[in-house]
Every structure is written in C-alpha cells, then in structure tokens.
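Chemist: Single-letter residue listing:
There are 2 protein chains.
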Amino acid sequence: GDSRDLKLVEKWEKVANGVFRTVVGNHDGEMHYSDLAAASPKIETLNRLPDVPISKALKSASFRLLADGKVLVRIPTEPGEKIYGYGLQFDNTMKSGQIVELKVDHFKKGGGATHAPVPFYISSKGYGVLFNTAKYIKIHNQVGSRKDSKHNPEEVDRNPPADEKQAGPWLALPPGDAVEAFIHGKGLEMVGFTGTSFQDIVARYNLFSGGGAMPPLWGLGFWHRTPAKYSAEQTAAEIAEFDQHRIPLDVIGLEPGWQSKSYPCTYEWQKKRFPDPGKFAKQLLDDGIRLNLWVNPYISKHSRIYEKMKPLSGSHLVWLGIVPDYTLPEARQLLVDQHKEDHFDIGISGYKIDECDGYDFWLWPDYATFPSGTSAEVMRQTYGMQLQSLMHKELFVKNNQRTYSQVRASNGAASSYPFVIYSDSYGHNQYVTGLSSASLSGILWCPEIRSARNEREWINRMHTVCFSPLAQLNAWASKTKPWSYKNATDAVRNTIELRMQLLPYLYTAFANYNQQGIPPVRSMLLETGEGKDQSKEQERKLDGETDPYADGFHQKITEDNSLYMFGPDILVAPFLNNSTKRQVQLPAGNWYDFYTGKLLGNGNKITITAKQFNDLPPLLVKEGALIPMLTKSVMRTKDIQGAAIEIRHYGKKDGTCQLYEDDGQSYDFEKGAYTLRTFALESGQLKQKIVKKGAKPLYGDVSLRQMTK
Amino acid sequence: GDSRDLKLVEKWEKVANGVFRTVVGNHDGEMHYSDLAAASPKIETLNRLPDVPISKALKSASFRLLADGKVLVRIPTEPGEKIYGYGLQFDNTMKSGQIVELKVDHFKKGGGATHAPVPFYISSKGYGVLFNTAKYIKIHNQVGSRKDSKHNPEEVDRNPPADEKQAGPWLALPPGDAVEAFIHGKGLEMVGFTGTSFQDIVARYNLFSGGGAMPPLWGLGFWHRTPAKYSAEQTAAEIAEFDQHRIPLDVIGLEPGWQSKSYPCTYEWQKKRFPDPGKFAKQLLDDGIRLNLWVNPYISKHSRIYEKMKPLSGSHLVWLGIVPDYTLPEARQLLVDQHKEDHFDIGISGYKIDECDGYDFWLWPDYATFPSGTSAEVMRQTYGMQLQSLMHKELFVKNNQRTYSQVRASNGAASSYPFVIYSDSYGHNQYVTGLSSASLSGILWCPEIRSARNEREWINRMHTVCFSPLAQLNAWASKTKPWSYKNATDAVRNTIELRMQLLPYLYTAFANYNQQGIPPVRSMLLETGEGKDQSKEQERKLDGETDPYADGFHQKITEDNSLYMFGPDILVAPFLNNSTKRQVQLPAGNWYDFYTGKLLGNGNKITITAKQFNDLPPLLVKEGALIPMLTKSVMRTKDIQGAAIEIRHYGKKDGTCQLYEDDGQSYDFEKGAYTLRTFALESGQLKQKIVKKGAKPLYGDVSLRQMTK
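The listed protein sequences derive, respectively, from chains S and E.
Under the numbering used here, the first residue of the first sequence carries the number 4, and numbering increases by one thereafter.
Under the numbering used here, the first residue of the second sequence carries the number 4, and numbering increases by one thereafter.
One or more hints might be untrue.
Copies of the same chain are indistinguishable here, so a pair counts whether it falls within one copy or spans any two.
Here are the computed lysine-lysine pairs in the PhoX-like style, where the Cα-Cα straight-line distance is at most 25 Å [what the hints assert, rightly or not]:
(1) K396 with K153
(2) K141 with K112
(3) K189 with K141
(4) K482 with K304
(5) K482 with K313
(6) K168 with K274
(7) K656 with K641
(8) K111 with K141
(9) K10 with K343
(10) K656 with K696
Derived from the structure by calculation, the hints contain no laboratory data.
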C-alpha cells in the first residue's frame, strides 16, 4: 500500500522538439486520440521551434497496473505549481485542487464532463500532458496525499483548545503533490510537451495534432439558424429580411425540419418544405449564402441507407435510430455517398452534428456493443471525432472544398478539424469562460446567441459571439432575429459589421492557427503566462446546514477568464448579461481603446463602460499593434474580393502584422497556393514584405491609419 | 452487436421461500454485501412466509461478459412496470426512466450517488433484485432500447409537416424494456426476491440481510449533539438546561472537540475539556443520559494506535490521517481494543461515524491500494459497513450491550445494523423523501434538525425528526437548542413528549423490524402498494435556451413521498419548511385525527392545517387501530419502567396491536428474553394474549382509551 509499488516511466520517445511519447502497460489495439486527428503531426514545424528538453515532472512520472484492471499514472508537481486545461470547460481553466472525470457528455458545471473533455493539461512549470488513450479518464489534480510522501502538510487540529497554537489553519483540502490519473484498461499512452511559454506548449500540442483548423473565409462571416420547421420559402424570405435590415449574412443553418424525418434522421430532404433543394441551394449560393444542415447521428428506418447500415450499427438505438459503427469503412462510405449525392453535390457547405455527446440517457449505454468490437466507452469518447473525420476527410477534403461546421462532441488531438463546438449551456459567464478554456486544448468554441432577457443582454451576447471563432445566431427554437430587440438593432448591426471588417485580421489569425498552432481566440494565459498571483484568500463562513466544511477552507482564485484575446492584438473585455460597466485588470504594457486609439492603462485595474464604447464591443488594443481590416464592412464575404484594407496602428511604438490571402475555399493553400505578407511600421511608414506569394490577391489597396494621436 | 450475444442466466438457486441467488461469470474472491451483514439470513422466518415462485423477469434475466472487462446483466420489464429503490435517495423512490450510478458518496440530487446507494430495487410486478457484489454499479432503469427488441416504440417525426399524422407525440426518452446494469469485473452475484406485496418483498430482503436492527430503548429517546468545542462542564450545564425547560433527553452527542486531535483523529480524550471522562460518563449515566462520540475513520499521528495501524493502512491519506484496512483482523482488533478501553468501558453508548462516504476529494482515490489487496472501489462501497460491522459485532454484541449509533455510509444487506444515516443535505422535502426511500432498502434514516429560518420551520422540522427512526437535534455548528425559537418551545416540547409517549408503539415496531423485517418508518408504497396510478402528464414548455428537448417530453409522476407511515397505523403528513397547510391524498379506508379521533376522510384528498393539530405533528390513524402509548411522557427512557400504558382505539372497527418488552439494552432478547403481547378489541373489550413471556415487565397497567366518539 505505498508508492514503492509505483514504477518509473522509463522510456520517453522524442517525437519532435518538445514532444515526447510513452506507453505504460500493454497498449495493443487501443485507440489513440491522435489516430483520429485530421492531419499528421507537423513535425517539421515543431522541429523549427526551440529544442527544449523533457521536463523534470515527466521524467519523474510513474505508473502502476492495478489488480482490479486499472492503469494509474502519477506525475509529480511542485509546491505552487498550477494545472490548467482539460478541454472546453465552463467553470474555470485552472484545475489544481479539482478532480475531473473526462467523459464526452452534455455539459455539466464542474467535474469535467463536457462536449469536449480533452485529456490534456498544461502546468505552470512549463510542460503539458496529453493522455492519448480514448477512454474515460479520472484525474486528481493535486488532490489526495500519499502516506509516504515527503511533501504532505503537517497535521492540524480542527478544534484546538484556546491555549494551543497550530502550525496553520485547518484545511478541508490539504494540497496534493501530483497529478494522478487512471483509466480502466491494460495500458495508457501519454504525450508530453515542453515549451518556453503557455502559448508555446499549446502551439506544440496543436502542431502535434496536425495544426489548427483552417476554415473557409465564408465560415467567418455571420451565421443564422432558422426555426426548426422553416421551408425554403420562409428561409428565402428571412434572407431578404436580413438584406432589408442591412445585416451581413454568409451562412444559413437549417434545423431538423429540412429532413423527411428526424430524431431519428433520414438525411433526406423533406420535399413538402424543400421541393427542389438543388435549385434552392444554387439560388442561395449565387447570392453568396451557404447552407449548413443540422443532423444527428441516429438513422431512421425511413432512410434509404438504413437497411445497409443496420448490420453495421451497434446493439442499442438512440432516439429509436440505429447507431452506425463508423470505425467500419463500409459504414463511412454509405454515409458519405448519401451525403455527397444529396448534399455536397448541390452545394451544401457543412453540417451541425448534434447530440453525439450525451446525456447518458440520450446515448448508447456503456455496455452497448458494436460490430467492429470497439467498446461503447471508446465509441463515446470518439464518436464526435469520428463524425468530424469522415465528413471532413471523405466528403470535403477529398473534394477539395473546405467546410466550416459545427459539432457537439470532440476530444484530444482535434485541433485540425474545422468543426466548432456549441452547447445548450447558456450562461453568459460560462460562454466567455469557454472561449478561454477551449483555446488551451485545440478546441474551437461558439458561444452562440439564442435569445436574451432584454436589449442590453442581447447586445452584450452579440458582442461575445461576434468576437468568437464562429458568429452565429441560433434561432431554431427562439425564432429571434438580429432586429428582434428594436432599440438594439443598430448596435447589433455595428457589431456584426465590425466582425466583417476584421475578417482580414481574423482570417490571418486562423492561418497562424493552421500553420503555427496559435489559437485565433484565446485565453489570457496564452498572452500573459500565469502572470502575477492575483489570488484572494476566501474565508468561507461556517454554515452547519449548507457548508459544514467551510471553516479553514481556503480557496485561492488565481485566474481571470472574464477577458480573452481575439487574434494577437485585441483584448475583449465583455460586459456580461445586462451589465454596462466592469473592471478590467490590464496586463502589463499600454492598452488602447480600439475605436479612439486613446491610452486606457498599463497593468492597472480600470473601469470601462458600455457608453464609452457606444455599445460597440469593448475592445482594447496592445501597444504598437497593427490591425489589418476592411475599410468598410460587406454584406457577404464574397464581397471582400478587391476590398480596400486599412491597417490601424495603436500606440507609439512601431509594430508588425501579417496578412494572409488564399482562394478562401479550397485546400490548395496546403500546396502553397497562398500569399502571406508582413507589414512593419518603421518611422511612421508602412513597409510591406512578401513572405510568400502563391495566390491571386484577395484584397485591394492597403493604407495605414494612425489611431493614437 | 445484438441480443443474441446475451446468455440466459440459467441457474437460480433457492435460498429460502421467495429468495433466489445466482452468479454470472467468475466471481471468485469478490466481496458480497451480504458477507458484511450483521447477522445471517433469517431462513426459518423466510420459510414461514408463502413459498412464491421465482418471477418471470428473473427467469428471463440474461448477461454478457464484455471484452473491455465489464459484466452486464439484463432483467426484462413489462410495459407499465415500475422500478423503485436503490437505497437512501433524496429526489424520489421511483427510478423508472432514470440511470443510477450507485456509489457511496456525499449526497447528490439524482444520479444515485448517496450515503447509502443500495443496489436493490423493487419492481411493481412483485419481485426485487439485489446486485450483491460490492462494486460501483451503473443501472439503466428502462432507459435505452435494443436494436432487436420487439417492444420498441414506433418512430415519430419530431417536426412533421402539418398534414402528416404521427403515431403519437415525439418522446425525448422512449421507454426501455429492461433493467440493464453493469460493473467492471469478471462476475456478478444477484439475489432475487419474490413476494406477495411491496412490503413482503422488502421484508424478505431485510430477513435475508439478517432481519431489521433492534436499537436499545434509550436510542429511541431524544438526542442532542453539542457544539464542537464543548467541555464536560458546558455539556453538563446544557443537560441541566434541558431539565429546566422540561425537554426530554436520552443521548448527548459529543462532536470532534472531545478528542485530543481530530481531522485526523486520535480517538483519545481531550483532557483540557474532559479531565475525567470516566467520572463524567458515569455521572451522566446515573442521570439516564448516554454519550455518543463523533469519530471519523482517519487516524492521527498523535493517536497511540497510529504506529501499529500505519502498516495496516492504505496508500493514501484522508485529511492527512491514515486509512486503516479493516478487512484485516489485526486492524479491527487494534481499533476495538482502544475503543473498548477508552470508551466502552467507561459507558460510552455508541458513535457517530462521519465522513466515510465522500466526496471523492475527501476520500482515498479509486486507485489507492490497501495491504489486504482489497481494491479502493470495494473499500469505498463497504467502508461504512466495515466500520458498522467492527463496532457492532466486536465492541457491542461481544459485550452484550446494544448500541444505537450513526454512520455516514452504508450499503446492501445492512438492515440488521443499528446504525442510522444522516446527511448534510438539509432540504426538508428531501429529508422527508429520504424516510420513504430508505425504508425500501433496509436503511434507517435520521432527518436531523439543525436550524431553521423561522419558528414555523423549526416546529415543522421537529415534527419530522421526532417521527423518524432517530430524533436528534444536531447543534454542532448552529448551537441551537430546542428552546432557541422562543414561541415554538411549547410546540417543540409537546412534539418530543409525544415521541416519548409513543415509545411502546415504536419499540414494538422495531421488534417487528428485527423479527419480521417490516420497517418501522416506511414509504406509503409499503402501505398501499403501487396504488392507483395518480400520474399527471406533464407537458413541459419548449425553451431553446434552458430545455431544448422539452417538447414531447412526457414525465409521469406516480409517487407521493410527502406522506409516510410511522409504525403500522400512523400516517405522518408533514408540513414542509414553513408551511401550515397542505393537501393529503388519503389511502383507501377511514383515517382519523390522532388527537381527536375524528374521521378525516377515506381515499379522498383533504386539506389539513397546522392549526387544526394545535402545532402538534400532523398524524392520521388507520381505521380500527390500537395504539399502545405511555399515559404520560417521561424525561428519560429509564423512567418508562413501570409506566402506565393506554391503548388508544380509533374508528369503529375492532382491531389488534402488539406490545413488545425486553430489558431494553442487552442482546438477551435474541435468546428469547422478551415478552410479546397482543391486544384485540372485541365488542368494546380489550383482550390481551401473551404470545411469549421471556422478560421482566417493562410497562405498568394497560388501559383502553376510545378516541372516536
């Protein structure tokens, strides 16, 4: 019963600079998340990064195969070390002192179960760990003390007599000295990452996962999902209304009613609502509007692929539909052929793949069986990735068309999939936290807007979604439109237009994600590192009824997920819910008002108001930033072709920026068909340098705009 | 991937009338809950019950050993069949349509994790199942549909065009046709029970578990737990205050501060607060007051048993204390010897064994190891039972002293332990639901009173706890006294006095629990059976933000846990929180006001008010009931010796009752040293019959009191 039973992990194989892999136990036949990545590790890019050695923690990692069929790994931590990550999490990004059970599931506050519970963490001591085996995993993050550890705190009496001094306060949760994780199985693969900063570690993780996703340009425009039972006619009328209200629009999402049957699904058009889908899709495409189709993975008896798919499906039904085993090539082919014929070939741009996550009662049970022999648990952890894989690779990449799609479940090593997660969670604070947490694990997150309790909240939520990886109004149930809150319509239009104007900046940030692994929308951790400890000691009040362990429970708060970075230079400080005022703890350096170029502060705490930004998104810009954006907004991304660019400069220092161009929709960029320019401000003059010239120009003239007087 | 892979469970061994046992897979070396029961199955008593055959469902049960190390069992259900149980649950007792993960843990609303997550369910079709292997178990209760099942509902389109008729409403949760359960392991034991009613099935389960617990008489008096840091002097002063306020009292519970160190514990007296524990305990005992000691299982370095216990403990610490492996006889002996010397021998009556349940972050991890080789998971599921076992068997039974104690964790086959569960859950509604749910699985539950938001709630909560298995005010943190709410003091005193008066009735009900397995405080299910279906179809409103699956989600409500039975004849209809009025759906038969004997109704819905009961507990009595009670209340249970009994008769029909007597504190009753009388009312005359005469008389004269005019 002590640590002498733990064996040292002896062999860490170097995969690339700063990337190390090991296997403990017998790992034959197990599925790795990295097997399901959209692309191979970008080894060359990794090897151009500094060759940092493996961290002390990884070298000290140990493991044990337990008699009851568990695999335990232990990675020691140092005093003060903090653990961050585990995918899309809505409560926080700092996981020290928490136990997480990583399982793909409908969201849950705390505990780890979420749509994208990536088993990847980053330590404040400069390394990261991916548990690369596709199983449920439970991780104690510095929770628990081993009997034989030398780092255990001293015992303290909880109720000492008045005359007895104690070593310190009694702690309900004595800090542990390791990350300990286990799965049920015979073996486990781990991939360790070391780097020079949080951002560097995340980038290496993303590069190991094949790089970041590269959406088509249209994917970054504005999206709107129509109510579930809308017809072609109603959809066309709604697009016309967008035009009348001068609201930019690129993508229309059709909800379940487009199918002849759904829940379970046929994937075939409901002809009473869409009598001629091909004509309808073409008409929209001609106008620059893409269609995205809602699906879920469960197939109806009324689908023409049902009979062939049935023997290729699992033992249990979900919503009475069969559950295809997409580890089988025949099953993938069946779906892809049908989707190509019915959707892709008429111009459908992508999917919203719903309900591949949970809850338990909406999924196959953990004891379901599948014809390939893949376990229900592995299937649960990877189904979202399998669906992304088959649609991305076999439908879109194969046909040299980029997609930007949505999916309800993802997991490890998924950064190269152009699929964005969304949720039924609707807390504004949670949505903003999701933007930070997702960025630490190669996940794209859409804090979609659905409805609001009032005009103010509508504006604030529109800010958040327009400064996220995917700007979508999802009105499938609420039937809201951008103009539903009358007095907010101008603010909403201005916000969406601002996103459109910023597309050159955002698209370039995505290119950086794709090639260098730097997330386009990201946690402040990746900007500032751990920063100084802004911890507050929270003395909780003892309450015998609701919180009997509160006395002596010291909780340190060391993270601020209320801010995040949008691209390399813009800090977003959202007003949550219906607030119009907030405090912002600025990182070091000068920060400027995006709109006026005025200095707002430097490393201090400031108060900002919605009024000061004229109800536009509260954006702060870094000293010396150059921000390339459209001089004027456009109604469709197709209108960007040839549009003039202004590069806004903030502050007094010189700076640089990149500007990326390609055809916006094919995978030719992977073969070099892109253009990358850098701009540098030198003594008030903008100097252009062409790093790579491989594509026809996308933008027109480029001019400089000095924002700070 | 279909049900042909399931194998029929072929061999059900008959254990006794209506009790059947089977093992699937390889079960060598696994721990059964029944191995940990306080007593052997009462086979003779079982065999005096009707010899009902095994149910069709059990005969149709099937299983599968899964490739990833799971054992699955499937027990089919019929349309309309309902599933109840799974131990102490605070949300409901009916579990059809729910998935439960049964794991000993701090309470959680829904999901199954609780202090006593007993893997035993009862079906409305007249049978019960105990999953008798001590592991985490996850159970789908009619949730999920197999592809090849013949009972699956028809597919329905969720968004049909207006002109398309559907087979029915779209269901978010199509009903399943089985209970399917799995554990990680190689085999699983199940015990099936069949009976003639819910009560009969529960009784057989309890008899299989060794019968129901038999507390000492003093255990049924009033308990008070003093604040955590109270000294002997303060405790004595508090007892004197009880006397001044004429509040009955039998047990004082000392909280952590009685120990020299706690969290982790020494189990040794804090001499600064209790300079002479032996003298103190004797002084209290002479006054008829018992002491109960708070402990938790984690041992401090400062305890004299620490050094010897250390090698007998697990790999991990809890609150920095070692975790003894009590599957080892040496470890048990160490603890028992110390407890006997320091506690038992000076007259300590029992323990409150805290924090043996969870949360995860307050327990050893699932990958901890123990010197006996027992897995952390098995240890977690059984630790509460192991502690009950060692204290009950090796300290109290061995020394022929009954205890009535408290414990924070229990599990299957535990009915014969005189330990009562308590919780930090403090919802009044949840507490009342707990009284029902606990009674379905051999668990005793104490909805202890701690504090209240106002006088009304204080009275209502006092009613609940005084009409429960253990009447305790737990003031360790709140420091409240029975008289803390001034205007409520009379109502509180009256309520406690009523409990004291009813002890002959309650003690007899416990004797019935002990000998026949009928729970003394119990769910209406055990009174009325499933009853007529009072289900309401709840159409939930679609809400795209918070409840997107609501449309077509039909929830049937078929249970009423707001009422419960206290002994065979008294129905308790508590006013929750600060309410003073409620509706009561009466079961069939005439029901009478306990205090006035007036007819209140018969099978109908009535409204009752606190006023109508003069702030006394809202008690209704069954037609023909005979209720033996003390003519006058007493301040201590010791004063019951020789006290006069009145047997109250309600309604117009003749009736019978039992009256049980023994020495109130030893186990001699097990060797026949008890007296059991029955009283029958025949034409207005009370006829006494002595069933068994083995003990000295406890009560004095018996008289009849006609309550109904």
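Chemist: Taking the hints in turn, state whether each one holds.
Modeler: A quick look at each hint next to the structure:
Proximity of K396 to K153 under the C-alpha cut-off of 25 Å is found in neither arrangement, the shortest distances being 50 Å within a copy and 38 Å between copies. Proximity of K141 and K112 under a CA criterion of 25 Å is satisfied in both settings, with 16 Å inside one chain copy and 21 Å between copies. Within a single copy, K189 and K141 get their C-alpha atoms as close as 15 Å, and across copies as close as 22 Å, so both meet the 25 Å cut-off. In the homo-oligomer, the alpha carbons of K482 and K304 never lie at most 25 Å apart, since the shortest distance is 30 Å inside one protomer and 64 Å across protomers.
In this assembly of identical chains, K482 and K313 lie within 25 Å of each other by CA distance neither inside one copy nor across copies; the values are 36 Å within and 65 Å between. In this assembly of identical chains, K168 and K274 lie within 25 Å of each other by CA distance solely across copies; the values are 16 Å between and 80 Å within a copy. In the homo-oligomer, the alpha carbons of K656 and K641 never lie at most 25 Å apart, since the shortest distance is 35 Å inside one protomer and 89 Å across protomers. Both within a single protomer and between protomers do K111 and K141 lie at most 25 Å apart by alpha-carbon distance, with minima of 15 Å and 19 Å respectively.
For the identical chains of this complex, K10 and K343 are neighbours neither inside a copy (51 Å) nor across copies (41 Å), given an alpha-carbon limit of 25 Å. In the homo-oligomer, the alpha carbons of K656 and K696 never lie at most 25 Å apart, since the shortest distance is 28 Å inside one protomer and 101 Å across protomers.
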